[in-house]
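> Residue strings, one per chain:
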Amino acid sequence: MMTGLAIGLVLGVTVWWVLIQRLKDKPWERQGVIEGSQDGLTSSAPKVGLWVFMAMVASLFLIFNGAYLMRMGFGHGELVGWVPLDEPGILWLNTFVLVAASGAMQTATGAARKGDLGALRTWFTAGGVLSVVFLAGQLLAWQQLAATGRYGVSDPAYSFFILLTAIHGLHLVGGLVVLGRTAAQVWRGLDTENVVAVGTIRQTVRLCTTYWHFLLLVWLGLFTQLSIT
Amino acid sequence: MAYVAIADRDHHLHDPDTFITKYIWSQDHKVIAIQYGVVAIGVGLIALALSLLMRLQIGFPDLFSFMTPYNYYQYVTTHGMIMVIYLLTALFLGGFGNYLIPLMCGARDMVFPYMNMLSFWVYLLSVIVLIASFFVPGGATGAGWTLYPPQAILDGTPGSDWGIVLMLVSLAIFIVAFTMGGLNYVTTVLQARCRGMTLMRMPLSVWGIFVATILGLLAFPALFVAAIMMTLDRMIGTSFFMPALLALGETTDTTGGSPILFQHLFWFFGHPEVYIVALPAFGIVSDLLSTHARKNIFGYRMMVWAIVAIGALSFVVWAHHMYVSGMNPYFGFFFATTTLIIAVPTAIKVYNWVLTLWRGDIHLNLPMLWATGFIFTFIHGGLTGLFLGNVTVDLPLSDTYFVIGHFHMVMGVSPVMVLFGAIYHWFPKITGRMPNDVLGKIHFWMTFLGTYAIYLPMHYLGILGMPRRYYDYGQTDFIPDSALGVNQGITIAAIVVATAQLIFLFNVALSLWKGKRADSNPWRATTLEWQTPDTPPKHGNWGPKLPEVHRWAYDYSVPGDEADFIPQNHPIKPGEESLRVAGASRK
Numbered sequence: 028m029m030t031g032l033a034i035g036l037v038l039g040v041t042v043w044w045v046l047i048q049r050l051k052d053k054p055w056e057r058q059g060v061i062e063g064s065q066d067g068l069t070s071s072a073p074k075v076g077l078w079v080f081m082a083m084v085a086s087l088f089l090i091f092n093g094a095y096l097m098r099m100g101f102g103h104g105e106l107v108g109w110v111p112l113d114e115p116g117i118l119w120l121n122t123f124v125l126v127a128a129s130g131a132m133q134t135a136t137g138a139a140r141k142g143d144l145g146a147l148r149t150w151f152t153a154g155g156v157l158s159v160v161f162l163a164g165q166l167l168a169w170q171q172l173a174a175t176g177r178y179g180v181s182d183p184a185y186s187f188f189i190l191l192t193a194i195h196g197l198h199l200v201g202g203l204v205v206l207g208r209t210a211a212q213v214w215r216g217l218d219t220e221n222v223v224a225v226g227t228i229r230q231t232v233r234l235c236t237t238y239w240h241f242l243l244l245v246w247l248g249l250f251t252q253l254s255i256t
Numbered sequence: 059m060a061y062v063a064i065a066d067r068d069h070h071l072h073d074p075d076t077f078i079t080k081y082i083w084s085q086d087h088k089v090i091a092i093q094y095g096v097v098a099i100g101v102g103l104i105a106l107a108l109s110l111l112m113r114l115q116i117g118f119p120d121l122f123s124f125m126t127p128y129n130y131y132q133y134v135t136t137h138g139m140i141m142v143i144y145l146l147t148a149l150f151l152g153g154f155g156n157y158l159i160p161l162m163c164g165a166r167d168m169v170f171p172y173m174n175m176l177s178f179w180v181y182l183l184s185v186i187v188l189i190a191s192f193f194v195p196g197g198a199t200g201a202g203w204t205l206y207p208p209q210a211i212l213d214g215t216p217g218s219d220w221g222i223v224l225m226l227v228s229l230a231i232f233i234v235a236f237t238m239g240g241l242n243y244v245t246t247v248l249q250a251r252c253r254g255m256t257l258m259r260m261p262l263s264v265w266g267i268f269v270a271t272i273l274g275l276l277a278f279p280a281l282f283v284a285a286i287m288m289t290l291d292r293m294i295g296t297s298f299f300m301p302a303l304l305a306l307g308e309t310t311d312t313t314g315g316s317p318i319l320f321q322h323l324f325w326f327f328g329h330p331e332v333y334i335v336a337l338p339a340f341g342i343v344s345d346l347l348s349t350h351a352r353k354n355i356f357g358y359r360m361m362v363w364a365i366v367a368i369g370a371l372s373f374v375v376w377a378h379h380m381y382v383s384g385m386n387p388y389f390g391f392f393f394a395t396t397t398l399i400i401a402v403p404t405a406i407k408v409y410n411w412v413l414t415l416w417r418g419d420i421h422l423n424l425p426m427l428w429a430t431g432f433i434f435t436f437i438h439g440g441l442t443g444l445f446l447g448n449v450t451v452d453l454p455l456s457d458t459y460f461v462i463g464h465f466h467m468v469m470g471v472s473p474v475m476v477l478f479g480a481i482y483h484w485f486p487k488i489t490g491r492m493p494n495d496v497l498g499k500i501h502f503w504m505t506f507l508g509t510y511a512i513y514l515p516m517h518y519l520g521i522l523g524m525p526r527r528y529y530d531y532g533q534t535d536f537i538p539d540s541a542l543g544v545n546q547g548i549t550i551a552a553i554v555v556a557t558a559q560l561i562f563l564f565n566v567a568l569s570l571w572k573g574k575r576a577d578s579n580p581w582r583a584t585t586l587e588w589q590t591p592d593t594p595p596k597h598g599n600w601g602p603k604l605p606e607v608h609r610w611a612y613d614y615s616v617p618g619d620e621a622d623f624i625p626q627n628h629p630i631k632p633g634e635e636s637l638r639v640a641g642a643s644r645k
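Each protein sequence line maps, in turn, to chains X and G. Here this note's numbering is used: the first residue of the first sequence is 28, the next is one more, and so on. Here this note's numbering is used: the first residue of the second sequence is 59, the next is one more, and so on.
For the record, the hints were derived by calculation from the structure and aren't laboratory data. You can trust all of the hints, since none of them are fake.
Ranges of calculated distance between the beta carbons of each label pair, as one might list FRET restraints:
no., chain 1, residue 1, chain 2, residue 2, range
1, G, I399, X, R140, 44 to 50 Å
2, X, G100, G, A405, 37 to 43 Å
3, X, K74, G, Y388, 42 to 48 Å
4, X, A33, G, A405, 22 to 28 Å
5, G, P617, X, K51, 23 to 29 Å
6, X, E56, G, M293, 56 to 62 Å
7, X, L166, G, K603, 53 to 59 Å
8, X, R140, G, T79, 32 to 38 Å
9, G, L522, X, E56, 51 to 57 Å
10, G, V451, X, A85, 34 to 40 Å
Ideal Cβ placement from N, Cα and C applies to all residues, glycine included.
Using the sequences and the accompanying hints, generate a full structural model.
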């Protein structure tokens, strides 16, 4: 544990050092407008906003992960009550569906870049439908676990399983709200002459895709952890 | 996609046209900032009143019949939670963050104005839920602001039926609100700065708020996780934190939960939280000192690096709040070391503030008084932190009044000093009126001296071994009678300081009503918010054209220039470059 903390500290100092390499300017010496610097609000703001949000969500899941490990007894050998959960097999199917959803979203991004409205409609909607199927599959997994009757509410592995899948699912639902609104716009039809409107749709599709890949990554991490413990 | 700068697009976003869109459902960052400020100060006054009730009980036991131990613990808990989260965090980031970031970066507004508006209303909801917990069966929670399980959710603790649930739900709602605001602050700083505003030309206020927001976005999830898991423990009987217990003669259904896990989660949030409050204060006070000493900030680059370093280090010191929790002693050694390391960048900042004042043209006006007051209170609070950061010294002092004295000085009084300095400093820009100087000075001296009268004796009480969080001390051998006298003195000082805050409110009302009209740059400051075409700035801030930045934020008393300040948006004059070099070599 101490080694881990020491490595963390060294890592932190390194990151800090790399960061301040970018902050080496002596602003009292450099005068005038510096070319190539920021110039008013740019269109990449939503992208940056999404990345900041994903950093926060990553922090949320990492902290959950830490809590999970501690509750299992890492560093606290005296804790009792952790019985590994027998995860239902349907989770493998769900994982496959979520991978497919991510793939569909990626294809939709490609279609949006090429300006292929038909393909965009199909694949974007497919991504949404597959995500809903994933969520339904997760609910089924809950039901299967509950039906075994083996797990009580005070069973930590069981309650962590439900809690983590629920939190992950809620983040996907949040994404689906954005996806739904955008899909509705795409289906209503686009004025292809309107550069701004087309650009906005293209960007939203791309950002949705990034978010879906991120949630897939989170799920793969979660699934691995849930399976091996 | 074709590059279309949003500032150049012909349609303008969210132009307010009715009273409601202008002042209530407003998406203008300045209005949202004021909304945040008013609610935060309002709820802070409630917390202040609660602290007076607590102090009256400690100083003059049995004065009020309604002060039962039950109520006392509810007041302690709500006071702490409001002050740290619903007042300080909300006012620094939601209030000043919202007001200053777009204006100081030269933007028209935050990048996601609609989400910014939601942020305020969700924050208001969290405050309403928190206050509502006083009116549910069993009342507000009395678990102490740290809400440690298992006692927080067991029968016998005040508010263990509904109070604790509402507290946890309110915290979760607050975190949602903070997230929506925080995404805006970070993205606006990164993406909406005007032409010429490089990161290293940003005023330190923006740097402090920026890094504090990043800390918040990474640390608040820990509190969120803890709040969700404890709510589940309380509501449906999971055992994340709840061990097998024998409570009131009955065994609970829970098994194997880890109370210390909650402490880790709470403090993994709790310590960065100290810096979420402190970093904006550090940034703002740097700007106040520089402006009112008419001198550039000493060591700007080092100040920025120190903010970043403190932010990074704040994530590896949390367990210094847990030395007495029975954790592995090697842990204590590690966390004591990191705690002492974080003192280094902090000390750099203190030295730089003092060196900024050194041989400056100090104008002891209202903002400057508070800013210099902050240096005093922060040094005192910081030095006692060195005591508590060391395991062997902390053990006997833990849970005594020494700790109360320390953290009130360092993260209660000090940030509040900056807040008042900031309010007096930006009052002319926000309202278009000057604050009343005499009333402000009375307010300052009563508060500054009064807080010393409150918190210095507490250190002494702590060394005597007087435990904190006690409702009544009864007959104890190790607490002499004189301690009661000290406690009475502290209570009287607290009443005086609270009265001084009424003077502040009166000052705000009076100045709004018939204060002297302020011109656009009354302090003759360099930063962009003072260069707006209108005071108070209109919607969109800058009129038809965004400003253009030609220099850093601290061109005060530039050698060879007749004015003692050059605003950031003033172009370089012919020959200025050589004058600077000459000035530098003269020094």
